[in-house]
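A.B. asks: As a plain string of letters, each chain reads:
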Amino acid sequence: MSFLAPLFLAAAAAVSLPILFHLIRRTPRGRQIFSSLMFLQPSPPRLTKKKRLENWPLLLLRVLALVLLALAFARPFLRGASEADRDALLGRSTVVLIDTSASMRRAGVWEDAMQQANELIDEAGPGDRLAVFAFDRDVRELVTFEQWSQAPPDDRAALAREAVDDLSPSWRATDLGAALVRASDTLEELAVARGRDKAMGPRRVVLISDAQHGATTDALRGYDWRKDVTLELATVASERAGNASAQWVRHDDSAEDKALRLRVTNAPGSATEQFELRWRRAGEADDEPDPITSTVYVPPGESRVVKAPPAAMRDSTSGGASGGKIVRVEVAGDDHDFDNDAWRAAPQARRATVVYIGGEDANDPTQGLFFLQRAYPTTERLNVRVEAVRGEVALTLDGPFAPGSGPGGAQNSPVEMVVVTEPMNEAQVKTLRAFVEKGHTALVVLSDDAVATTAAQLLGLEDLSTEPVAPPQDALLVGIDFDHPVFAPLAEAQFSDFSKVRFARYHRVDMESIEAKMPKSRALARFDTAGDDPALIEAPLGRGHVVILTSTWRQRDSQLALSTKFVPMMLALLERSMGVVETTDTYHVGDRVPLVARAGEGEAARDDAKTKKDDATEGTVDGKDRRDEESTDQSNGSRVDEARLTVTAPDGRTFKLGPGATHFDQADMPGVYAVNSEDATDPPWRFAVNLDPRESDVTPVSADLFESLGVTLDRDDPEAAAAEAKRQADLLAVELEQQHKIWRWLIVAALAVLGVETWLAGRYSRLPAAPSAAPDAAVSTGTT
Amino acid sequence: MSTDSAQHDAPAYDVPAAPDPLPGAGANFDLIDPATLMRIKGLEVRARAIVEGFMTGLHRSPYHGFSVEFTEYRQYTDGDDLRYLDWRLYARSDRYYIKRFEDETNLRCHVLLDASKSMTFGSTGYTKAEYGATLAATLAYFLSTQRDAVGLMRFDDQIRDYLPARFRPGHLRRIMVALERPLEGKVTDLAGPLQRVAEMVTKRGLLVLVSDLLAPIEKLEEHLGYIRGRGQEVIVFHVLDPAELSFDFDQPALFEDVESGKTLYVDPDIIRKQYVDQFTDHIAQVEATCEKLGIDYERCPTDRPLELALFDFLSARLSKGVKSSRTGSRKARVQA
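Read top to bottom, the protein sequences are chains A and B.
For the first sequence, counting from 1, position 747 maps to 747 in our numbering; every step adds exactly one.
Just add 1000 to wherever you are in the second sequence, counting from 1, and you've got our numbering.
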């Protein structure tokens, strides 16, 4: 028999009290008056002699009651009844977390990790529970506790080892925090499943990782790590600390200097300071005899931004777009080569034509065309031509803009948007309507009432009543819907001041008549005049939109063209009309690469885009591009429609995507991926996938970081281990004791004994007092 | 005097049932048993009984007549008062002698009776207070018969009753009445009253202190010494109950202090030896203090016949007379 609280047994010593009380002579009731107590000392109570113990039965009962109480409080339990359970109770529960991030590819690190994992698996005893998780950006459960428990004890190690042997390091980044949280949660689920108040062996997480500085631990912040779950660090490290990496620096389209820029970062512990950069063109082999090289000097722990050498830039054949065919830069000279390549997809300029229906002189700055032509600068990614069409010519809007229908021919430059400033005939309207319904945008500028008729026809309304208004004071834009793609680029506080855009003239449009027919139409902006006349109206038509500007940007009507808002708005309208997400953005391994958003799926795509925006932590992808994507995501995939896409990975693997695919998720290695549509009419679109730059920060973190995040570390402290073992043994004892509950019976027995004692004592007290009892009245007081 | 010392050397609590006969007294010299005496209600009657019995015995005493007359001749020296020259002797012997006589004035005696609560204890059927009052009354009566002036002071922690020393008709009666009056005394504090007495009694005389002296004696020496220094003769009658001396209780009990009311659980069998040692020690200290100051100390257990106390008083006076003449502390005067 064991005791849960053996200290209470000491209370059994209290049995000496009743014995003592029985030995003590009854205190004399008498008082003795005395002249002075000056010379008296208190006397200890005198005991009767041992053989004069009185009331033996009472004494025995009292002693028995005390002993029973002491035993009950000591909470006895019988050990040994469930030794078999004991192992199960006290077996260790271990989650082995194996880091498979790209940094584990360093020489020797992975082998070391595998060895540690196998040792852990071999260590597991029959009572232990083991789960093996692998993690990089995501956590993958290789062997769960359930699988482990269900497997026969002899096969468990083999099961885990098999799962571990299949592992290989990926190219992904490290989310250490999420992995630890997942492991802790798994252990917690195990404890909850077993019962929170029950004894449980030590629970620990063994982290087999290089614990690099670049690993994300955000998930641990605010996570309540349980104190009894310990983290054991099985850190694997490379002997060589030096590492250099390269990332592209976002190119600014409007910058004068078109040279490519690359940020080269050197790890803090690096012994090397000078690196060679090899600028490689597409299709160039690694052993190219004469690569374009440059040298960069980066002190350890710092980074430098370098420009592509002129030789690399000279290679350019893309009409002014910078960078030419450079697709990869290799950093040579550091210790680890897993992150030496920075990939880049050679930019492909997108050509587009904006058809301007209006007979104006392109060189007249008082007219609208003058400004529209200048609103679309030629950039690396976009090459826009503005074609003016006047008179009642037949419009050909499908495919490349037909030569002859306007000034100059345009090869390979599809019409993407139409701006209407003059009335059109019915055939033209019909063509335009079909164009819009495919997903494009037509901007109707109400330069006079006649254009309103065209707008009505285009929208399928019987009539659109308009009324020219020239407010006494210039009108300003109010109620601007900054959530709309047209205004979204201007939503930030520093851009959203429209108070300098004044409108002298506009046409009052009966918004209600449009809404009556087209309930989804809405005013994107209104004038601050009485009646809140709409300034910019959007009406969906088919998969596209008709946008009506109730004023114009001609100088006599408004200052819109002169304001800074004009170019972003026009660009936003065009990009929305073009509809395809096409970007030379660099993605990281494991990112979802957005391909196209179809009509009706805009919201989902926007959610994805927002999620990505939250994930964005590095400056290589800036906010503006996100918004671009967002806006294009929301518009319709007019070009790729239902086309099936094929993605070719850098290593030659091909992924066929179904018709509904909006993202490509299998970007699992760095390099340039090519996206081909099935009909192969367009040249392949390429995107580059690079290593997450944080993965290059391979400096090991100290264990203190985990402690600062609230994680309980297993410090190999024998005292702590002993304390933990004792705690578990105590828990087990508590559990056994709670099963047996012997103390209840002891308390009942003690109460029974006390009952008998009370009865007996009552009986004794009713008996006449013994003649020998207490002759204390004999002392005379002596006072007179 | 040898009887004195013999009596003092005896164990304090070992008081003989039959006291020692007086030196020179016959076998039929009976002493009155205090218990019997105390049955007499009137204090004055008690006092008379004692004094008259004593006087009867005194006739056989060799010390009759303490009113001393001629003591000695002394050679005249320069500066002596010529009035005291014995001219007749000069006529006979042609030498100058000074004739010296003992002063035979009336004695001024103050009886200081302790009336504190501790005196109300008694195990012999009467209390120490009753015994002390009887002793005081006896002394007053005796001194009155000698035509000496007697005064009375009763005190506890301060002086409560004060009758100045007088010899006049009715004064004895007043003393008796005062002694019979009950007094609710409080704690014994010798220091305060003694200091006050020293201030009040300015004329030289005799001071008889009747007390159980159950108080810390640290200041006793100082104040008694002060009184002595003012020229007062002091006799201390230490009234003690036999139970205090022997502590012969046989049952454990809660002992209650009469003065403070505090209680203490005491088992006499255990504590007796220690108590007796301490009490004896206390008495010895008091005695030593008195010895040091030239004060006569008489221990009076309450079961001791009062005549012996009276005899002690007289012998102390006598010895004091001899001592004082030797020390010259008493005023000598030549009667013309």
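These are computed hints drawn from the structure, not numbers from a lab.
It should be emphasised that the depicted structure is a prediction, and the values quoted were computed from it without experimental measurement.
The beta-carbon is built from N, C-alpha and C at its ideal position, and this holds for glycine as well.
Be careful, since some hints might not be right.
Facing chain A, a subset of chain B residues (Cβ under 10 Å, in silico) [said to hold, decoys possible]:
#, residue
1, Q1158
2, I1159
3, L1163
4, P1216
5, S1260
6, Y1275
7, H1282
8, Q1285
A.B. asks: Each of the hints needs a verdict: does it hold here or not?
C.D. replies: Hint check results:
1. Q1158: violated, 19 Å
2. I1159: violated, 21 Å
3. L1163: violated, 25 Å
4. P1216: Result: holds, 8 Å to nearest chain A Cβ.
5. S1260: holds, 8 Å
6. Y1275: Check passed: Cβ of Y1275/B comes within 5 Å of chain A, closer than 10 Å.
7. H1282: holds, 7 Å
8. Q1285: violated, 12 Å
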